[in-house]
Amino acid sequence: MKNMKILFVILISLLFTTHCILVQRDNPYDTDDSGSGTGTGTGTGTGTGTGTGTGTGTGTGTGTGEGLSIKINTPENRGESADGLYTIQWEYTCDKGEPSVSLYIDTNNSQGDEFLIAENLPSDPMLFEWHCDKVPSGDYYIKGIIDDGLGNKRTINNLGKFSKRKSSLSPFFKNIGDKKETRYDYSTYSLKVNHAAKKFMILVVRPCAGDYANNTFTIKWWYETPQQNTVNVLLFYGRNSVWLPVWPLPLPATKGEYIWDCSAIPNGDYYIRADLMEGNVERASDESDGYLEIRH
0 MKNMKILFVI LISLLFTTHC ILVQRDNPYD TDDSGSGTGT GTGTGTGTGT GTGTGTGTGT
60 GTGTGEGLSI KINTPENRGE SADGLYTIQW EYTCDKGEPS VSLYIDTNNS QGDEFLIAEN
120 LPSDPMLFEW HCDKVPSGDY YIKGIIDDGL GNKRTINNLG KFSKRKSSLS PFFKNIGDKK
180 ETRYDYSTYS LKVNHAAKKF MILVVRPCAG DYANNTFTIK WWYETPQQNT VNVLLFYGRN
240 SVWLPVWPLP LPATKGEYIW DCSAIPNGDY YIRADLMEGN VERASDESDG YLEIRH
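FYI, numbering that gives the first Met the number 0 numbers position 270 of the sequence shown as 269, with every residue one higher than the one before it.
Rather than coming from a laboratory, the hints here were simulated on the basis of the structure. Check each hint, because a few of them may be wrong.
What the hints assert, rightly or not - Here are the simulated DSS-like pairs of lysine-lysine, each with C-alpha atoms no more than 25 Å apart in a straight line:
| no. | residue 1 | residue 2 |
| --- | --- | --- |
| 1 | Lys179 | Lys95 |
| 2 | Lys179 | Lys70 |
| 3 | Lys95 | Lys133 |
Since we're looking at a predicted model, the values are computed, not measured.
Full structure from sequences and hints, please.
In structure tokens:
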């Protein structure tokens, strides 16, 4: 029994000594008594931050923050005009991924009514030759969106050719997969597209790829005429070349939009067609670049 007590005292002494050593040294693997250590930090862009290091000192680390941006540089001056080809220029930063750029035009510099003119462009050489004769005369801001190339993509090549896109992913699935980063910018000034030889033209702005509706949807269009002609618009919805009237009566083209009650339309994917009418004569027609998903 006496020997047991002696062994117990020795064991307690050893445990106490070990505890003291561990308390004196925060990291048992740090043999550097100078107090230098390794830390983590945060910063904006790629920068150097200060963090708490292991050991008794303070270490430094490198932090990575937001390094994705785009700036639309054209038009450079107020009142710039174009007809035919116009060169859009931008600059960007991206510290990760393989970025691409999509370009839009908009009658104002707030999000909501922009129209796609080029998609998935390489970020370099930071310019795009836009055929602005494909849109009605008017004042347009240039909007650019840069994508870091990481994560899921919901885009299909267009490159300003106004080809009809026949597919888009449902909005219910747009958050699946790795997150990608995007940033956008609007031009400081608007560009005046002024066709020397004006003609009858109409462009369906909404819907575009990715738009969906439950009970109502606002159809939007832009148009031009040679001599301020009085024109109306007939709207249709359909797919597989079968068209049904959105509204049976012509609408004033100057209105620019129509709120469609689609609550009775069966679930499905529908394109919108707009016919520009002068009296009973069809002067121009256009189909939406993407379809509208109706889901009740």
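Hints, verified against the model:
1. Lys179 <-> Lys95: Between Lys179 and Lys95 the Cα gap is close to 11 Å, so the pair holds against 25 Å.
2. Lys179 <-> Lys70: holds, 19 Å
3. Lys95 <-> Lys133: This hinted pair is violated, its Cα atoms lying about 35 Å apart.
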